[in-house]
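*Asks:* Residue strings, one per chain:
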Amino acid sequence: MKYLFLVFVLVFLSGCIKEVQPWEKATLAKDAMKEGGSNKLVSKFHEHIYYSKEATKGGGTIGGGGCGCN
Amino acid sequence: MRMQLGKLSLAASMVLVAMNASAEDYINVEFMQYDESDSRVSVSAPSLEINKDFGADYTLNVDVVLDSVSGASPTYYDADASSGASAYNRRSSSNIKYDNIEFEENRVAGSATLTTRFENRDELNIGVSYSSESDFYSYEGSASYLHYLDSSHNQSLSFGGSYQSNEVLIKNCMDNSNCVDASSGASQKMTNDAYNLQLAFSQVIDETSVANIGLFYTAESGYLSSPYHNIVRNGNFIEAEKKPEDRAGYGLKLSYQKALSDTLYGQLSYKYYIDDWDINSHTIDSHLYYEIGDSLRLGAGLRYYNQSEAEFYAEGFTTEVFASSDFRVSSFDAFTYKASLDYEITKDLSYNLGANYYDQSTGLSATFFTTGIKYKF
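For the record, the sequence lines run as chains A and B.
Take the first sequence: its position 32, counting from 1, is numbered 32 in this note's numbering, and each next residue is one higher.
Take the second sequence: its position 348, counting from 1, is numbered 348 in this note's numbering, and each next residue is one higher.
Calculated directly from the structure, the hints in this document are not laboratory data.
Take the hints with a grain of salt, since some may be wrong.
[Unchecked claim] Derived lysine-lysine pairs resembling BS3-like cross-links, with alpha carbons at most 25 Å apart: (1) A:K30 x B:K97; (2) B:K376 x A:K40; (3) B:K258 x B:K52; (4) A:K30 x B:K242; (5) A:K40 x A:K30; (6) A:K30 x B:K258; (7) B:K242 x A:K40; (8) B:K97 x A:K53; (9) B:K97 x A:K34; (10) B:K347 x A:K34; (11) A:K34 x B:K242; (12) B:K189 x A:K40; (13) A:K40 x B:K347; (14) A:K18 x A:K40; (15) B:K376 x A:K53; (16) B:K258 x A:K18; (17) B:K376 x A:K34.
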């Protein structure tokens, strides 16, 4: 985990970051580039399954409601 | 001059493209089906989402989902009970079994979020959520703020928090034959509260990639046990599980999205979580999307999850004050295999289909399918 974090920090600090202008963001605006997919209902359904079958809390969407989840 | 005007016009159109990508009027209808193996839980969940812009500065998003849940959940029970297998047969028994206990439940959940955009296009999201079952009610309020750190909107910082208040209704009975129904008003009401805080930083790396790093903190207090899960004490006495009444956890999430070519896109994320129940987890999630022409997108993904067991997890007999045999606080690995299809029928109408297989090392496996139509108006 420490190494992954280090890789991320290095990416942020390295010279590979480019000043991207608004007219150059067509690719970045595509649905395929949206983290977790572009469909909110599907994403919430997946999050709900993991929430009800695993012990990890947090790190997902802010707000979304709970469940009794037998 | 003409070239500069052309560039400005292009810039304006691209900004509009970006805005339309995240803010548009649409209705989204989805049907989701979840089925576990071994005749355990099945969930059918139709859902509806409406997204409506009010000018360029306000967007309202509302969704509602109806869950119809049936099946069984494993726990300890008295196999000699004349009233049949029930998690509520809590007493001394010489014939204790660990197996599935049947149940049925309907859940209604909904949420509404209002997004407000300011002059510099920073965004404020205010949301409320509600969820109800016959024996469980949840109310949640949330707020988050997205702040752009530069004029080109290549760097942003977002922070948010939510508060959730939950009510759990527990049947008052020691024997299933004398139970008072949980929804009758004669049951015992337990409560718990949950808080969630998040801070995230996003950086556009170049025209084809974005990276994000986030920190999160969660805290829960109150009745955090499940009224449907039992443990065994003194060798032969079935009791309700007892989890600690406080829990605090925090974690880190990293994610990276990259257009690998004009038609191929990749996403990778990693999440680490640790809490004071001694649970820590690692989640690695990946997706690949492939565009065929202008209207078809195929997706495939793999998710790996690993967690350690809670300090109070107990299989079978225990003498500890806090104890649970719930597999969700045990140690396990899980894989999810994912496939999806998005098809743009017309410019305003699109269809989506998703198929997923979840495989947990506890023996639980499940399939879940999603299918839906999105109409832009």
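*Asks:* Determine for every hint whether it applies to the structure shown.
*Replies:* Hint check:
{"no.": "1", "hint": "A:K30 x B:K97", "in the structure": "violated (53 Å)"}
{"no.": "2", "hint": "B:K376 x A:K40", "in the structure": "holds (15 Å)"}
{"no.": "3", "hint": "B:K258 x B:K52", "in the structure": "violated (29 Å)"}
{"no.": "4", "hint": "A:K30 x B:K242", "in the structure": "violated (47 Å)"}
{"no.": "5", "hint": "A:K40 x A:K30", "in the structure": "holds (15 Å)"}
{"no.": "6", "hint": "A:K30 x B:K258", "in the structure": "holds (11 Å)"}
{"no.": "7", "hint": "B:K242 x A:K40", "in the structure": "violated (35 Å)"}
{"no.": "8", "hint": "B:K97 x A:K53", "in the structure": "holds (22 Å)"}
{"no.": "9", "hint": "B:K97 x A:K34", "in the structure": "violated (47 Å)"}
{"no.": "10", "hint": "B:K347 x A:K34", "in the structure": "holds (19 Å)"}
{"no.": "11", "hint": "A:K34 x B:K242", "in the structure": "violated (40 Å)"}
{"no.": "12", "hint": "B:K189 x A:K40", "in the structure": "violated (33 Å)"}
{"no.": "13", "hint": "A:K40 x B:K347", "in the structure": "holds (19 Å)"}
{"no.": "14", "hint": "A:K18 x A:K40", "in the structure": "violated (30 Å)"}
{"no.": "15", "hint": "B:K376 x A:K53", "in the structure": "violated (34 Å)"}
{"no.": "16", "hint": "B:K258 x A:K18", "in the structure": "holds (14 Å)"}
{"no.": "17", "hint": "B:K376 x A:K34", "in the structure": "holds (18 Å)"}
The structure fails hints 1, 3, 4, 7, 9, 11, 12, 14, 15 (numbered hints given earlier, in ascending order).
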